[in-house]
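Novice: Chain order of the listed sequences is A and B.
At position 280 of the first sequence the residue is numbered 294 (the working numbering), and the sequence of numbers has no breaks.
At position 122 of the second sequence the residue is numbered 1073 (the working numbering), and the sequence of numbers has no breaks.
Derived from the structure by calculation, the hints contain no laboratory data.
Some hints here could point you the wrong way.
Claimed, not checked - List of simulated lysine to aspartate or glutamate pairs, EDC-like, C-alpha gap at most 16 Å: (1) A/Lys74 with B/Asp1050; (2) A/Lys141 with A/Glu208; (3) B/Lys962 with B/Glu1052; (4) A/Lys74 with B/Asp1041; (5) A/Lys179 with A/Glu132; (6) A/Lys35 with B/Glu1042; (7) B/Lys962 with A/Asp37; (8) A/Lys431 with B/Asp1072; (9) A/Lys74 with B/Glu1111; (10) A/Lys408 with B/Glu1052; (11) B/Lys962 with A/Glu434; (12) A/Lys70 with B/Asp1041; (13) A/Lys443 with B/Asp1041.
The lines below spell out each chain.
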Amino acid sequence: MNYVIIGGSAAGVTAAETIRKQDKESSVTLISDEEFALYSRCLLTYFIAGTINEDKLYFKDKNFYKENDVKTYLGKKAVSIDRKKKSVSLEGGTKISYDKLLIATGATPKSVDIPGIEKKGVFTVRKIDDARAIINMLDSVKEIAVLGGGLIGLRDAYALRQRDKKVTVIVKSPQVLSQMVDMDAARVIASILEKNGIKIMTGVAAKEITGKGSVEGILLDNGERLACQLVVIGKGVKPNTEIASVAGLKVEDGIVVNEFLQTSDKDIFAAGDVAETYDIARESKRINALWPCAIEQGEVAALNMLGEKKTYDGSLSMNSVDFFGLASISMGITKPKEEKKYEIISRTGENSYKKFILKDNRIVGMVLVGDIRPAGVVSALIKNKIDVSSIKEKIVDDNFNYAKIMPVVKEFGDKFKQEEFRDTVLSFK
Amino acid sequence: MKTKDQKPKTKDIKIYCDITKCVGCRSCEIACAVEHSKSKDIFSAVREKPLPKKRVTTENIGAKIISLHCQHCEDAPCIKACMSGALSKDEKTGATLHDKEKCVGCWMCVMVCPFGAIVRDIENHIAVKCDLCPDRDEDYACVEACPTGALFTGTKEEFEKKIKGRKK
Ligand SMILES: Cc1cc2nc3c(=O)[nH]c(=O)nc-3n(C[C@H](O)[C@H](O)[C@H](O)COP(=O)(O)OP(=O)(O)OC[C@H]3O[C@@H](n4cnc5c(N)ncnc54)[C@H](O)[C@@H]3O)c2cc1C
Ligand code: SF4
Ligand code: SF4
C-alpha cells in the first residue's frame, strides 16, 4: 500500500503516526510546503511573546519522520490530484502515486479588505515564518495595532504586550470575544487585558492602513488616527480547500466528509482544519478548526485508510485561554441564537463567571471565566450527550467535580465511551 | 503478580478507590504532596515555597467520599488536546506522562480531562497531575498512606474480587 498525506501538522502527523503504528510494511509519504517540520502552530504566540524559544516549538521528537519511516517532501507544495491515475503532483513536476490519500492542508488566516493591507509591517500569525518576521521587527516597533477582538486577535495582542509594546486591539463588535462569550464574561476578560496595558477599542473598524512603504498608522472608521509600526490581523481562518475542489471533490465550507472522514472519493480522506465534520453540540456539519479536533481526526482518518471501519464521534468547538493569569474556557454552543429553545444556568461571582447552556436536559455548551476546574467533567457530559436532569442544580456550585456526576455515571454507564468511567464506580452502590 | 509493597509497572494495574471504605481523611492528599516535595519529608515539606502540589483529591458524593486521581486513560483525551507535546503515553506502563519543561500552561488538558484530574500550578504556570510516583520503588504514596485500605493497587479483576469479598 502507498499512503500519501498532504500537510505535516496536527492532522497529517497524527495520521502518519497512526498508520505506522499498525502497518510497518507499507510506504507512508508526507508532503508539506513548510520546511520547518513538526512544530505546533498553537505555540507561535508563546514564541512571539518570548516565553519559549524555537526548540520548544516541536510537538513531536525532531526525528519523528525518520523513526517512523515516513518519506517526506518538505518545502514542497502539492498542486494537484489526479484521481484517475491516483497521483499527487508537486510544484516542480514530481508525481507521487497513492492508494489512499489524506488531505490535511489546514487553514489560512483571513485577511481584511482595506487599502494599505500590502504595506510592510502587516502580518497574520499562522506559520513559523510569520512569527520569525514579527520577532525580527520588534526592535524597531513601539506601537502595534491588532485587528480583531476574537480569540486569535486577543492571543496576538497578549503575546505582543509581553514584549512591552503599546498594543491596541481594534474590535468591530461592541465587545471582545463576541462569537464566544456574552457581554458579562467579555467585560471581565477585557478588564484584565486593559489593567495590564492593552488598549481595547470596541465598535470601530480599521478603514485604511497608512504609511509610505511601511506601516505608520491606521485610520479608523470613526475618523480617528492611530500611530503604529506593526499591524497584526487576527480575524479567523479559512480552510485550504483549493486542491480538493480543483480535483472535483465535494467542498462546502470545508471538504465534506462522511463519518469515516472519507471525502466524495472513497480513496481520499480529509482531516483537521480543512474538513467539515459533524459537530456534537450543534448536531450539524461544521469546521472546528482546533488542535484537538485535528489530532482526533488525523487518527480516525488513518484508521479508516488502514481499512478499519472507525466512526468519528464528531467534533466540538472548544477553547482555553489564559490572559495574565485569568483563565477562560468555552465549549460547544455558547451563544444560542434561538434562546427559547435552550435553558441557561449561570452564576457570576467576583472575577468569575460560569454559564452552562442546556437543551432537552443535555449540556450543549459552557463558558467558564476565572474558575475553570469543572471544564473537563462537563466536557464529558457534553461529549457523551448525558441527560443531566438529576444533577443540573449542582453544576454552578463551587465544589462541582467528578464525584458529583458519579450517580449519573452509575445510571448511564454505557453512554460514557471511556472504560475508565466504569472503573471509578465499581464500588459505588 | 506483584509482591506486596512493590510498585507495579504494567498496563493493566492501576489505583482503585473502594468508596465504601474511604472516610475522607485526606491522608492520600498529604502523602501525595509530600512525595512531590523537594525534601520528601512532611515537616520540611510544609515550609517549602512554593508548597508542594498534591495530585489526588477527596471528593464528596452525597454522604460518600472518593479519593480520585488521574485514571491514566488508555485513549487519553488530555494527550490529544495538549498542543505542546507535553503530555504523552508511556507505551510500556500505560502511564500518562507530563513533561513540565514543555508545558506552557494553556489548560487545554484541564478543559478535556473527564475526571478533573489535572490541576493548575498557578505559581509555575504549568499543569500538574498524577505521575505514578516516579521516585518510588515501593507502592504508590497515596495507597501506602491510606489507613482504611480504601486505596488499592492492582488489576481490575483483583479489585472486583476484593470488593465482592468484602460484601459477604
Ligand atoms: C497562533 C495560533 C494559536 C492557536 N492556538 C490554538 C489553541 O490554543 N487551541 C486550539 O485548539 N487550536 C489553536 N490553534 C489552531 C490549531 O493550530 C489548528 O487547529 C491546527 O494546527 C490544525 O491542524 P491541521 O493539521 O489541520 O492544519 P495546519 O496546522 O494548518 O497544517 C496544515 C499544513 O499543510 C500545509 N499545506 C497546506 N496546503 C498544502 C499543499 N497544497 N501542499 C503541501 N502542504 C500544504 C500547510 O503549510 C501546513 O503546514 C492555533 C493556531 C494558531 C495559528
Ligand atoms: S489526566 Fe485525565 S484525561 Fe489524562 S489520562 Fe489522566 S484521567 Fe485521563
Ligand atoms: S497546560 Fe501543559 S500539559 Fe496541559 S495541554 Fe497545555 S501544554 Fe499540555
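Novice: Hint by hint, say whether it matches the structure.
Specialist: Status of the hints after comparison with the structure:
About 13 Å separates the Cα atoms of A/Lys74 and B/Asp1050, which keeps this hinted pair within 16 Å; it holds. Using a Cα cut-off of 16 Å, the hinted pair A/Lys141 and A/Glu208 is violated, with the two alpha carbons roughly 28 Å apart. Of the pairs offered as hints, the one joining B/Lys962 and B/Glu1052 is violated, with about 25 Å between alpha carbons and a cut-off of 16 Å exceeded. For the suggested pair A/Lys74 and B/Asp1041, the alpha carbons sit about 14 Å apart, so the restraint of at most 16 Å is met.
Using a Cα cut-off of 16 Å, the hinted pair A/Lys179 and A/Glu132 is violated, with the two alpha carbons roughly 23 Å apart. The hinted pair formed by A/Lys35 and B/Glu1042 meets the criterion: a straight-line CA distance of about 12 Å does not exceed 16 Å. For the proposed pair B/Lys962 and A/Asp37, the alpha carbon gap of about 23 Å is over 16 Å, so the pair is violated. About 29 Å separates the Cα atoms of A/Lys431 and B/Asp1072, which puts this hinted pair outside 16 Å; it is violated.
Between A/Lys74 and B/Glu1111, the direct Cα distance comes to roughly 38 Å. Violation of the 16 Å bound is thereby established for this hinted pair. Restraint check for A/Lys408 and B/Glu1052: the C-alpha separation of about 36 Å exceeds 16 Å, so the hint is violated. For a cut-off of 16 Å, the pair hint linking B/Lys962 to A/Glu434 stands: about 13 Å separates their Cα positions. Only pairs whose Cα atoms come within 16 Å are accepted, and A/Lys70 paired with B/Asp1041 is rejected, the gap being roughly 20 Å.
Of the pairs offered as hints, the one joining A/Lys443 and B/Asp1041 is violated, with about 33 Å between alpha carbons and a cut-off of 16 Å exceeded.
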